[in-house]
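Here the protein sequences come in this chain order: C and G.
Its first residue numbered 36, the first sequence is counted upward by one per residue in our numbering.
Its first residue numbered 2, the second sequence is counted upward by one per residue in our numbering.
No lab work stands behind these hints: they were computed from the structure.
Backbone N, C-alpha and C define an ideal beta-carbon position, used for all residues, glycine too.
Treat the hints with care, as some may be off.
If you only want the chain C side, here are some residues facing chain G, beta carbon under 10 Å, derived [what the hints assert, rightly or not]:
#, residue
1, 106
2, 109
3, 121
4, 146
5, 148
6, 149
7, 167
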Amino acid sequence: MSQKMCESCGAHPATVHYRETVNGVTNQRYLCAECARKEGIGTSGIFSEDWMKPFSLFAPKTVGQKESEVCPVCQTSLSRIRREGKFGCSACYDAFASRLDMTPFVGGGYRGGRLGKPEAPKAKPEEKKDSVSDLKKQLQEAVKAENYELAAILRDRIRGEEAK
Amino acid sequence: MYWYEKKPEEGGIVLSTRVRFARNLEGIPFPAELKEEERGKVFSRIREAFSEKDPMAVDFGETDDRVKEAYVQTHLASAALAKGGKGTGLLLSREGDVSVMVNEEDHLRLQVILTGKAIRPAFEKAMEWMQVGEKALDFAYRDGLGYLTRCPTNLGAAMRISVMAHLPAIVATGSMNAMIRRLNDAGFTVRGLFGEGSRGGGNIFQISNQMSRDKTPEIIVESFSKVVTQVEEWERGAKEALLKDASLDLEDRVFRALGILKYAKKMSYQEFISLYSDLRFGREAQMALPAETEQLDRLLIDLMPAPMLLRDGSLGEADARDAARAKALREALKERRKEDAS
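Excised from the complex, chain G in its bound form:
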């Protein structure tokens, strides 16, 4: 199951955790300098190296654009990888938790994505795969510089950790810019995932470590864990402050969102994540919401344009998708009797 298909723990503000390593093969030019044929050889070599993990191989040279776009929207591939042709692609673990991008900016970019807050487990899973790679491949590495990457800013452990966090109260109390500054100073970056720049559509933000050559993986994991805990605390405090002053207004907003999601006949993705955010706020603030609202997390990804088009080829136009999206939501939020709830 992919990360977005599982249900995260209740009340948490972290939707997903990701750990990524970048590596290159010694002595072989980086992907941008390789011809298509040579990239194909690198792909085979890397695929062979991970054969004990039995991953599914996806060669982007033979993959439909719609499928590639779906991989991008579900965070299994980057937009840059999707532009690549033959010899670039993905290796996906059978469990759906690991995706290896081959021949993107570097020969190999392995990432583990897990549902909810799972920093240590994601790190350990990534290390498990990296050790397989380390045994079977000769990764370019130099003392003092660390693992070699195309872009020198990625040198060192060449590791990035990030979480996707829902921070509605920090935004509502006007504290987001201050938080971003504090995190920047501490060596972390924040960016909105679904909106423009640092405005987060749906109040969802990605927090990640800045690349720094001298930091070892352990140090990165430890400092990152502390930062996430701190952000959770800030969000909790901001929620408390909001609820103290305006609990009725907030409750009203949450339940109106529920009403619209339950009955609307068309719904754009932008509107959906905005209402999803309101509903999620209600859950995180432990308001008495019906059980059905707990099933919406996977829809955050399922109802994105590309995944929808992949499931149903007739949804090429935005209007068609908006209608289908609203229908899916009406279905998901139909009242369930206690016996039916699964």
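Just chain C, same shape as in the assembly:
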């Protein structure tokens, strides 16, 4: 019986068999360890703390989606966040939260508000604001990913921007 070779690079034996079924559609890949790692497939040990559930928080939500985007502030890639389960900076959340399933076991939305309000409103330094069209694009993606919580937040921001 001949050894199957990696579908991606064709150079190494396919030691990783990845199968995913989304909405009734099954996708199978045969990859070598290196290519599997690059695609963020088959890695484990992301969550070592004993009180975390043993499944990946960031399982890919759509099949075959290219994940070459990086955070504009810290250059951390989306696939690295998926693999390691950790974010690189606050902007990563803005850039990628709509593409990641943030709901499992971390509870519902936080409604605590900031603890203690500053005396006078602080003058915010050149705040990089997303344009309305960017927000609308993010909203579309959030809805497609069924992340309605984030969609609601984005919708409110769009309304806020358009009201100005």
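Got chain C sorted already, so can you dock chain G onto it with the hints?
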């Protein structure tokens, strides 16, 4: 004075209370993504922000390993922080009750540790400092997600409360695993502090809340207080059950522990906390122990390896420490006449 230098209230099973908040600065990469120089800038900024509190700043890039290890063993720094170099470090309050870890997993991790059971006071102290930070710094926060942290499981209030509790009777009656399960179901975790995994060396355990994004600080404090009260009640009930059946055996065990601590010539830390636990059980069960036994609480930390080495550089070898430890205990437990007792 640090938390372990004060005497907790008598009869209580809670040795210390800790409240911790994690925060990050908006727009700045988390510590793991920063270069040494940039971490240094973050350290300065945070130090500046808390200047009104006049804390002592400790840059771990310029600190001796022995000192760092001592901070870890006295619970003022985490093992992860100790691995950091320049730009990571601590801000310590003058009173010794607040320690701010800078550039550990998050830019800022503030913790308040108080002696004994002091949930509300620890929470209020932590909030006092957090409000100073909130005014002077721009903490990364998003509606719905709460305060942003490197690890998404810490999102929300990014607050953890814990107590160190002495639970000898729950262990002795074989109820510890059941207690751990009950607490896990209610959203709390239990782990042994001085032993392996869930076995507690010295029967000392840390009970803390599980991180949950939707819980506000008030809710966490309230539910945690209820749980601690319940655990105290379980321990009291278990002690009662034990004493009813075997009070002479238990008394014997307590007073033998006193005997060994008073006269031994060498003592490992493991043996010390085991005997300390027996003695403490006797105090909590209100046995007629001499007054000197009330001075041992701070030794739980003082007699750990790193603090000992810090005080006396000649105690590099375990044997030397074991002898010095036994000597310190003999001194502490020397009989005092009523007039001498302070």
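Check: Can you give the numbers of the hints that this structure goes against, from lowest to highest?
Finding: Per hint list: single violation, 7.
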